[in-house]
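K.L.:
Once you've looked at the hints, dock chain H against the given chain W.
Protein sequences, first through last, are from chains W and H.
Heads up, the first sequence is in the working numbering, so the first residue is 1 and it goes up one at a time.
Heads up, the second sequence is in the working numbering, so the first residue is 251 and it goes up one at a time.
Hints in this document: simulated from the structure, not taken from any laboratory.
Do not take every clue at face value.
Stated by the list, open to error - What the simulated footprint calls covered on chain H by chain W, stretch by stretch (three residues with Cβ under 8 Å from a Cβ of chain W suffice, anywhere in the stretch; the number is not a length):
| no. | region |
| --- | --- |
| 1 | 403-410 |
| 2 | 413-422 |
Claimed, not checked - Beyond 10 Å from chain H on every Cβ pair, some chain W residues (computed):
| no. | residue |
| --- | --- |
| 3 | 19 |
| 4 | 134 |
| 5 | 138 |
| 6 | 142 |
| 7 | 148 |
| 8 | 151 |
| 9 | 191 |
| 10 | 204 |
| 11 | 229 |
| 12 | 231 |
| 13 | 233 |
| 14 | 238 |
Backbone N, C-alpha and C define an ideal beta-carbon position, used for all residues, glycine too.
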Amino acid sequence: MENWIKETIVLIPAFNEEASLGFLLDEVAALFPTLAVAVINDCSADATAAVARAHGAVVLDLPCNLGVGSAMQTGFAYACARDFRYAVRLDGDGQHPPAGIPQLFATQQKTGADVVIGSRFLGDGTVTSTRWRSFGISVLSALLSYACRQRITDPTSGFQLVNEYALRFFAATYPANYPEPESLALLTRQGYRVAEAPATFRERQGGKSSIGKRTAINYALTVIMALLVDRARAVNPRLARQALAEQVTP
Amino acid sequence: MKYFLEILGGLMVLVCGLSFVALRKRSRWLAGLGLFIGVALVLFLSGIKPDLTAAHITMELKLRVVTGLLSFLVLVATLEAVRRTQMHERYALLWVGTGLVILFFALYPTLILAWLQRVTGMQYVTAIIIVIFAFLLLVSFHYSIMLSRARDDAAQLARRLALLEQRVRELEGTDKSATKPT
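For reference, chain H alone in the conformation it holds in the complex:
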């Protein structure tokens, strides 16, 4: 079972893809069922494994399974939001990227995290939490800026609208109090 985790990851990707197809073609109940079966399967598989390994490895394995599921959820939710035109592709790209990065962490945690561990001296769990936290912080910062910009645009539109409405009232002659300096 040398490639157990890789198989597990592949399985999750498979379930992800399948349920997305189901979301597109069939009902979302069917997709939900597929999702549930996939999750149960993954949990079942990870539940068998621990007996063969040391305690801290078990912990790590469970964490990797959870991380993998998280990436899968992020990917499905993003694609579904784009499909329903609730999210612009511009922002979806960010989240698809996020999902893929998390998936990468789940499948090959040693590649990046070993390096991170070496540099910062943090434990695996701490490192992953720090990475996620920093990322979310940046995302919400980005949204603060986007929100401010959207608010400015809305205010600009509202001001234009107020002036135009008054102009229309004056041109229609419905506003007797219209003012004009001489």
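Isolated chain W, as found in the complex:
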């Protein structure tokens, strides 16, 4: 069970996260000393890249701000190029506790899913959220559960474990804006399997949420439109789960 550490890379998309990134990287290193970590610096204006390097992470520097989706796609491409089998995404603000990573792997082993999502709502921790936010999440959850034909309790969670097949799919196609819900819908449409594991999120350790009050409506509308339009798109047979499983030798 412990051999996942050798084949896994932690991907941390970071935009102006110098305040919280050092603490998070130290925490990862303390829990899993040999685990590979790559920070994707989305053209931060602060010392994010320097902090990440000082704390022993590989830093992929994007020359212009592309948004979290494109940053993650960079990380997925890196993981593929280096033949990592798994990638775990953590947010740079520290709201995803690295101690929850083994739980994702346990669920992955149990279900054989291609992507495992850490869900706030499956854990025993109480989730503090505003009324509007939880309403938005429940609407998204219902829509995404319908699109995926399975229950998805936490559609906006970025705490994810991705295996070698889904990695290749994501390296080729990943939504640019607000990627989390849409990427799950795309996955299940292409024949990949998704599972959820309980996870306890923390308060952000520093910095600001990328989704403020004004962009919340934008977020909801963009995601809902993307989910609906994706259903009208043709499945790409070359990136289907079956095709990649034959192509990639484990």
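P.N.:
Here is chain H on its own, set in the frame of chain W:
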């Protein structure tokens, strides 16, 4: 003065061509002056005419003059943008076409618009506004698509660059934290 408007249109084309030549050869101040004189001439001519015609004709005439000037401006601006290599010929073609279509409207409004009027039942002014509006809508839609494509290309390049930079750092041996799975 049966061919007054045709003469007017020809005059505008002439001014357009002349000022473009001036833009190429001489200073842009000279071209601007030529432009101004041409415009003043056209306005002066159109100002004399109204006394002889009915009120609604006057309105139409002024509109045609304005339309003609608009086409002239579009043509000059497009050619100048191409000359300065600010615009690709591919997009310039669209705008040259636009300028010519507007010029055609100014010179022979009855040919197309009478038909349009018959079909849709709209007035001359309404019809021309609708046509322009629809056209601009299509153009901006086209640009939304081009912009999205350009953005995708830029993102793809940026991602490649980030990966290559990391590779260079590793090959140079300047990044001690480089990771390789066993």
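K.L.:
Hint by hint, which ones does the structure fall short of?
P.N.:
Failing hints: none at all.
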